[in-house]
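Colleague: One letter stands for each residue in the lines below.
2 protein chains.
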Amino acid sequence: MARRVRTAGSLDPRSQSILRAVIEEYVDTATPVGSAALVERYGLGVSSATVRNILSDLESAGLLTHPHTSAGRVPTDAGYRYFVESIADSAILPPVEQLMIRHQFGQVQHASEQWFRLAATILAAANRTAAIVTPAKPRTAHVRRIDLVSISERLASLIIVFREGAVRQVLVTLPDATEQQDLTRAAVILDGIMAGRTAADADRALARIDSSGPIGSLVDVVGQRVLAAVRDYDASPIEEVFSDGLLHVMDAPEFDRSEKLRRVFAALENRSYLGGLFDSIAGSGRVQAFIGAENGPDEMRDVSLVLASYGEPSRAVGVVGVLGPTRMAYRQAIGTVRFVSGLMNELVAHIQA
Amino acid sequence: MARRVRTAGSLDPRSQSILRAVIEEYVDTATPVGSAALVERYGLGVSSATVRNILSDLESAGLLTHPHTSAGRVPTDAGYRYFVESIADSAILPPVEQLMIRHQFGQVQHASEQWFRLAATILAAANRTAAIVTPAKPRTAHVRRIDLVSISERLASLIIVFREGAVRQVLVTLPDATEQQDLTRAAVILDGIMAGRTAADADRALARIDSSGPIGSLVDVVGQRVLAAVRDYDASPIEEVFSDGLLHVMDAPEFDRSEKLRRVFAALENRSYLGGLFDSIAGSGRVQAFIGAENGPDEMRDVSLVLASYGEPSRAVGVVGVLGPTRMAYRQAIGTVRFVSGLMNELVAHIQA
DNA sequence: CGTTAGCACTCTCGACCATAGAGTGCTAAC
DNA sequence: GTTAGCACTCTATGGTCGAGAGTGCTAACG
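First to last, the protein sequences are chains A and X.
Heads up: the first sequence at position 271 corresponds to 781 in the numbering used here, and the numbers run straight through without jumps.
Heads up: the second sequence at position 316 corresponds to 826 in the numbering used here, and the numbers run straight through without jumps.
To be clear, the hints were calculated from the coordinates, so they are not data collected in a lab.
Be a bit skeptical, because a hint or two may be false.
Once the Cα atoms are required to be at most 20 angstroms apart in a straight line, the calculated EDC-like pairs of lysine to aspartate or glutamate come out as [claimed, not checked]: (1) Lys770/X x Glu764/A; (2) Lys770/X x Asp761/A; (3) Lys770/A x Asp766/X; (4) Lys770/X x Asp766/A; (5) Lys770/A x Glu769/X.
Sample of chain A residues at the chain X side, in silico, Cβ under 8 angstroms [stated by the list, open to error]: (6) Ala621; (7) Leu757; (8) Phe775; (9) Ala777; (10) Ile861.
Computed from a predicted structure; not experimentally measured.
Cβ coordinates follow ideal geometry from the N, Cα and C atoms, glycine included.
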């Protein structure tokens with residue numbers, strides 16, 4: 511009897527508040543919620559019979575389901591979606607929590623790796639879910655600095671600092687026995703050639719290099735390694751994924767029997783999936799929720815992600831977010847993710863000034 | 511009727527081979543093994559009744575147990591221990607596999623991080639267990655090189671390269687607006703002061719610095735940050751843990767119901783436990799197995815670790831190893847861990863030459 | 001004296017069944 | 001439109017039963 515409710519787009523206020531109540535209760539208890547429990551615990555001024563009618567309407571609107579005839583209601587993905595849309599704008603972290611998080615960032619050493627870890631830890635703890643953070647990564651990287659440190663006669667450590675903040679270190683086998691002094695000279699030359707360049711630029715610049723003489727050939731060899739490293743960095747869709755709170759996911763009762771859990775972990779270890787997802791939000795600047803089956807692949811149909819990108823789209827962007835069961839405290843999740851992504855924005859802006 | 515068997519120390523050959531058969535079968539099937547199955551599948555030239563007698567002896571020697579009266583036998587931790595001792599020396603990886611692993615290491619970029627990842631991946635795949643690798647870390651680190659890269663007027667990236675191969679990057683807020691040129695000068699000065707030094711040495715050297723003048727105060731500020739970073743590096747028991755194959759652990763039937771699994775993951779996230787364990791093997795240079803309850807803490811009583819250290823004890827040491835259910839293919843595990851740790855040894859020796 | 005066949009005994013596991021409880025959907029009255 | 005009442009449905013729980021697996025013991029055997 512879909513009288514009151516026609517489409518998910520327009521719900522009368524009472525239906526809406528009952529939907530909220532169902533979601534709230536289900537998020538809390540993880541068991542299907544019945545009409546009696548709602549009336550009892552949410553002081554709606556009506557009887558359970560009335561609530562039953564409305565629940566039935568919400569069900570035919572596709573926002574709730576029934577595991578079986580005699581069980582209570584459970585939100586569908588569409589139900590969560592409706593809920594999320596309705597709260598998205600108002601989900602803002604209370605100032606107290608904002609302050610606490612800021613404080614924690616103040617405590618830590620000013621190394622970007624520490625920030626990513628901390629961001630993941632904070633998100634995980636605040637939401638009792640898993641959290642994911644990726645470093646900001648540019649589409650095409652620019653070299654800022656090149657350094658060579660002698661390790662032994664024929665081996666050196668090549669260090670590349672990118673404008674976007676990342677640092678890469680690789681070992682280089684040298685064509686001839688070489689002193690630190692010559693390495694330093696080569697590094698200065700390369701620095702002059704490469705600084706500010708992208709992989710494509712650098713390729714052209716390197717072609718014009720005079721590779722005669724002992725230093726020349728050294729510059730040539732190392733230059734090629736730099737190029738390879740920059741290309742390598744460009745090619746990987748995500749640099750690294752910092753995660754925390756996987757235990758929280760294990761604790762969720764819906765992942766009791768380990769099959770679903772296994773699928774989730776498998777999807778997480780598989781970076782190409784995350785990479786694709788991240789592409790789709792990179793630069794949008796807004797918090798986005800991916801609920802259950804919306805995620806596409808089957809292995810993620812039991813979880814939701816709440817993600818936001820940070821950074822300047824024209825420079826480098828990264829992603830922060832939270833992963834948990836579809837039965838997730840979305841308001842809290844959206845609030846914390848929004849705030850933390852804003853914070854990461856500030857940090858990145860600071861670095862790329 | 512512990513006739514044939516008195517202590518775990520001396521077993522007659524037949525008992526020994528039956529113990530092996532039980533372990534082999536149990537590792538394979540994960541179900542208690544009965545006398546009939548043994549006779550049938552292992553062509554022992556005796557009847558099941560005889561085998562039963564021996565099984566009973568092995569049980570009173572503490573090497574096997576009974577889940578309940580009418581079930582087959584299951585190895586105890588002591589049983590595995592006996593088995594491990596008896597094969598430890600002979601567990602050597604076949605040359606073909608050695609070659610394949612070497613080949614894979616040859617494929618990868620010469621960056622130490624990649625090696626750790628690869629080592630973990632190889633160990634996990636070869637044993638169908640989880641694998642753990644930590645970078646080689648010195649007890650007290652020596653600075654090899656210091657570099658400063660300007661990010662903005664008041665912000666610079668400080669890069670510290672350690673003799674032992676690690677690289678650390680932190681951001682430094684500068685006391686005054688500073689050009690790259692001055693940063694470079696400061697870096698050269700600091701490099702002169704710090705190179706080859708430990709935290710303690712550097713502390714003394716820094717105290718004697720002339721911190722007057724603009725460069726002087728810059729050197730002072732950055733010097734303190736270097737010191738802090740070096741101390742920080744010294745203080746952390748493990749730099750980082752690379753792991754892979756956690757999914758394999760989830761797949762083991764003994765971790766069906768997730769409680770045990772949860773405990774294992776919790777123990778893994780908790781670094782202090784791993785740190786302690788690693789301390790106890792660091793520098794021994796041998797492959798060591800920690801079987802079930804031998805691990806001490808309850809949360810690890812269902813798993814075994816097969817670990818080896820690598821590196822020069824006087825320099826830096828790291829750990830490689832494998833983590834799986836106590837029901838683990840120890841021969842394979844010991845073989846691969848031994849080989850990979852040897853490989854890591856070579857790589858480290860190469861770097862620290 | 002070690003080995004073996006035979007057998008009674010024990011315990012688990014899955015199937016089956018009955019019952020209690022939760023919650024719905026419908027009807028009829030307000 | 002709301003509500004009380006009630007029949008109905010489905011799950012979850014617990015108990016019983018039989019089959020099957022495997023042991024331990026006893027007595028016979030070489």
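Colleague: Of the numbered hints stated previously, which ones are contradicted by the structure, given in increasing order?
Modeller: 9
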